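For the record, the sequence lines run as chains E and L.
Following this note's numbering, the numbering of the first sequence begins with 5 at its first residue and continues without gaps.
Following this note's numbering, the numbering of the second sequence begins with 752 at its first residue and continues without gaps.
No lab work stands behind these hints, which were simulated from the structure alone.
Quantities reported herein were computed from a predicted structural model and do not represent experimental measurements.
It is possible that part of the hints are untrue.
With a straight-line cut-off of 20 Å between C-alpha atoms, the simulated SDA-like cross-links for lysine to any residue are [as the list claims (entries may be wrong)]:
| no. | chain 1 | residue 1 | chain 2 | residue 2 |
| --- | --- | --- | --- | --- |
| 1 | L | Lys923 | E | Gly135 |
| 2 | L | Lys1094 | E | Arg232 |
| 3 | L | Lys890 | E | Leu129 |
| 4 | L | Lys890 | L | Ala1103 |
| 5 | L | Lys982 | L | Gly963 |
| 6 | L | Lys890 | E | Arg232 |
| 7 | L | Lys1013 | L | Lys923 |
| 8 | L | Lys890 | E | Phe134 |
| 9 | L | Lys922 | L | Gln887 |
| 10 | L | Lys890 | E | Leu138 |
| 11 | L | Lys923 | E | Leu132 |
| 12 | L | Lys1094 | E | Asn234 |
| 13 | L | Lys939 | E | Asn46 |
| 14 | L | Lys923 | E | Pro128 |
| 15 | L | Lys922 | L | Ile950 |
| 16 | L | Lys923 | E | Phe134 |
| 17 | L | Lys922 | E | Leu138 |
| 18 | L | Lys923 | E | Val133 |
| 19 | L | Lys890 | L | Thr865 |
| 20 | L | Lys1048 | L | Ala977 |
| 21 | L | Lys922 | E | Gly135 |
| 22 | L | Lys890 | E | Asp55 |
| 23 | L | Lys922 | E | Leu132 |
| 24 | L | Lys923 | E | Pro47 |
| 25 | L | Lys816 | L | Gly848 |
| 26 | L | Lys890 | E | Asn46 |
| 27 | L | Lys890 | E | Ala50 |
| 28 | L | Lys939 | E | Arg232 |
| 29 | L | Lys890 | E | Asn234 |
| 30 | L | Lys923 | L | Asn947 |
| 31 | L | Lys922 | L | Lys942 |
| 32 | L | Lys1040 | L | Glu1062 |
| 33 | L | Lys923 | E | Thr236 |
| 34 | L | Lys922 | E | Gly137 |
| 35 | L | Lys890 | E | Ala249 |
| 36 | L | Lys890 | E | Leu45 |
| 37 | L | Lys1011 | E | Asn46 |
| 38 | L | Lys923 | E | Leu45 |
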Amino acid sequence: MGPSRHAGSTWRRLAESIVYLVASVALVLLAWMWALEIFDLNPFFAKTPGDVWRYLTGSAGAANRSALFSDLRVTLGNAALGYVAGTVGAMVLAVVVVLNRTVEQAVMPVAIALRSVPLVAMTPLVALVFGRGLACVLVIAGIVTFFPSLVQLVDGLRGAPKPAFDVVNAFGGGPRQQLLRVRLPYALPSLFASARVAAPLAIVGATLAEWLATGDGIGNQMVLALARSNYTELWASVALLTACAVAVYGLAASLEGVVLRRFARAR
Amino acid sequence: MTSGPTYDRRWFLRRGATVAGGLALAGPLGTLLTACGDDDDSSSATTAAGAATTTGGSTATTAAKMTKLAYQLSWLPTVEHCGTYIAIEDGIFEGLGLDVSVLPGGPNKQTVATVVGGNALVGGDGADNIGQGRAQGAKVKIIGARLLKNPLCVMSLASTPIKTPADLAGKKIGVAQGNQTPWDVFLKASKTDPSNITIVPVQFDPSPTANGEVQGQVVFSINEPAQLNAKGIDTEILLFADYGFSIFAGAYFATEDTIKNKKDELVAFMKGERMGSEANIADPALGTKYTIDVYGKDLGLDPAQQLLESEDLASLMVTPATEKNGLLFMDPAEITKNIDTLKLAGINVSSADLFTDEILSAM
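So that you can see chain L by itself, here it is in the shape it has in the complex (with noise of 0.2 Å):
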């Protein structure tokens, strides 16, 4: 027994209106998608990757001679890798022959997949994410760092304080996959029972501890508070470094293999990343200009904040040590306490597998 569907006049009628509607709603919905994907971090990799690629092609002549290297950032393309921003835009590392491009990060970002992968030739993360990696057989060294001093605290409402690691328990505190290491190190280092420790995933805004979804969250001390602080929202940090965890926040890391056969390139890099944070620490709205008007432009990012933020970095990047040999400095004894802090956590590394000093002191 066969019923198909029958099509007459009417039932044109209705599905021409139904397509009408579906139309007239499609309009301004199409609109509002393309308004949406501008704000997201694809694009704002092809604007950072693009500026870059322009920048360093800009003159055509030295184009031919210029090496092109991919630098994997740890996080979003903020302030805090302004010194990079500075080198590229002001022609530092054209000056080495190098033509940088930068490749955002996030809180799902997995840096060094991306480097082991090929995909970057050096990368960005703390030492802890590195260490970690290496440890799951990953072939990298860190070959300097940046932020010596490691600002990752937990951020909490000034209303409901979380001060110390004992103020942690019965509480939800957000964490980002891409901090989890840390907080895992951070525990341990800190002596902290994680049992009646709620965790739930969070992304890179601090907006679920300003509306209560979470009574803590993992950050950098010297970005979301101020982005809290700027809306009126005053907050309270529990700062790891406190706590036992000598961590270096921003090192630079490559593979072996890049280590001993592009060495010339890895140096050069580094020289760029010595200049341009040089050149902020000097001038601290410099770093800041090219996130807010280039890098971090689809962030939606908070000039004030970014500005104050740009200042801060010296204070963790500068150590007597740093004075006396230059920025991106290992001092052999920070290594030590690094690899001590990461065995605390069941992270086994040896200093010599994790760190060298190859690349620093041929600069």
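Excised from the complex, chain E in its bound form (with noise of 0.2 Å):
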């Protein structure tokens, strides 16, 4: 494969990516406006995509842009901390199980059940061990990246061919070296393709945290201006928060895609 046309597919699937990006966002604002059809809900709290717009770029566009970006910009900030801390702290733990089997058994169970304790139920108890600043973002969005990084990073690590394997025993290199010079790299699929799945997860995470805990973000925001009935301005930061994670989810499938490319497995 030499190097141009290398670039050409990357240029090729870029394409592809906006084209689906711009389909999804169609597709949604269809549906959008089939629902508040369909269900003829009241004007009072059901906003049009219409309305959305002109709340964002009427009179009063610029100020609401502006208040809204500035919370937008506190949760994304939020969410891709939590997002590394989940990460990072997913893929120790699996190298950890990787290399033991005793702590497999022991940690993967409790994992998979803590995961299924809702999230809504435990940042109170959250809040109150971390206190209501962004450790407990950290930890809230954490949790939420960290549990499909785990199970995903997990299989990753463990699908290195048997060969790769052999080829390092040959050279004389223990479990470490396999571990760098095998598992790892033929993990990285496995870490863009939970990305997809956990990076809009972090953006929901860091918003529930700020609901709950906090009190700042578009998280908060969004609960204040349902409490002060101003449901324009809170459907707007849902589709502002639908579009960024369709976005991180776009990014995270490009990214995958080039990534397979290069450390996909021999099948």
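Using the hints, build the complex out of the two chains.
Here is the structure:
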């Protein structure tokens, strides 16, 4: 595969991603308008894409936009930090689990069981333990991303082909060399596959922590908009967050594509 | 190159052990989760609504003529709403031809949206939240008010008291999102600068104040302070009403459409509410009983504290004007104060848009 062809296919993939992005946005907008129509909801709280558009671009648009985007920045920052914290944690634990069967059998069932405790119920407890600041957001957004990443990464670290280990063995490498030279590279596709799920979830986790604990970011602002019966602001926030989640998903999917072609296991 | 997983006898043994371990864990966990489930809001909703339906339909012959009416409470089903419970349990509504069911409110419940969306015919809330909804385009009007004096306050520990709005500076205050509008209005009415007050979201229990997570919390003066008192914790309150906050705390509202087309039902409902409240003022233990045994059964309420609150209710409901015109009556002078307070907070509604005496005057 020559370098020029490689570059060409990267551009093609990017173009594909953009087409998918536009298609999913169109789909969401259509579903939105149809749902309002079908359920015949009261316009007091059921706002249309047109209402949201006017809210963002009308006479008060500039002020509304700057307020929304400054809250969104806080939330995306929280989500990014939470995602990194959760993924690093998952990676460390995945390596330990793969290297030590006893740890796996002790840890994995608990990890899965813990995942099924609803976060809404857990957040006030986390707030009590970690305070109502950044630490709490990190823990909540981290927990959300931690579990899907952990399961995928363990599979990825395990999935390396046997002959690759044999090569490392033949050159006198031990378990550490196997980990560095075989397992971790082969787990990279899993990292990005899990990112597709985990990164949008990190946004959900961040908004949840903001709503129930810290009182900043768009997560809190949405509930305040609700409390103040400002439903247009609420819909605009939901639309923005959805757009962010779709964009993050698209980004992770394109990165996954690039990485897959480099590190895909031969099948 | 394919290296699929290989399943041998040891694999099955290991998996078997994990499954067995998981089941062993799941057993007690399942019980635990069910036990937790019993405490949540939704089950209390079913209990209360279930109880309401049973009572309403207890006499099969009259049940057919009963008009069903859903009432959205402004808050959790504490003793604050006991007039309604008494009217349901003692057959007052039944005598008026109504089968009333209550929908519990809570810290994140949007009462105006529930009523506008048609899930409840009548809603209860503060005049501030209803006014905010009206200003945002909800076609609703207030048809009567139960708690005429507003018990909203900032509660703090007696050891670190917040006594005046000036004391709020530099403090961390817990505000449930449902109380955000009253809080906005209070800051404007008392001319308090919000920039150096930190707001954090809280739910409905007063523990954030008790354990020091926040230095103050927006609550009802007749409810949470007594809850902490019952646990031996002394509190200080800063009453909103002392600083220009003239807002009816417990008001009834319905859509303009309902007021026009279902006036008889609203009149009957308000009659029942008045009679239920009168019965509780005569005997505060009555409402406490129904709160503890039926409607607030799952809230883990303290009977002694709820009785105290039940006794305090009269002080918020009875004014010289209601002595003359009956409970729930809204004095025009007080309505003007409500409108003026809302205006201070930038909520511009006229009294004709927000209030109507059509229902009360037909009672």
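Can you give the numbers of the hints that this structure goes against, from lowest to highest?
Numbers 3, 7, 8, 9, 10, 13, 24, 33, 35, 38, in rising order.
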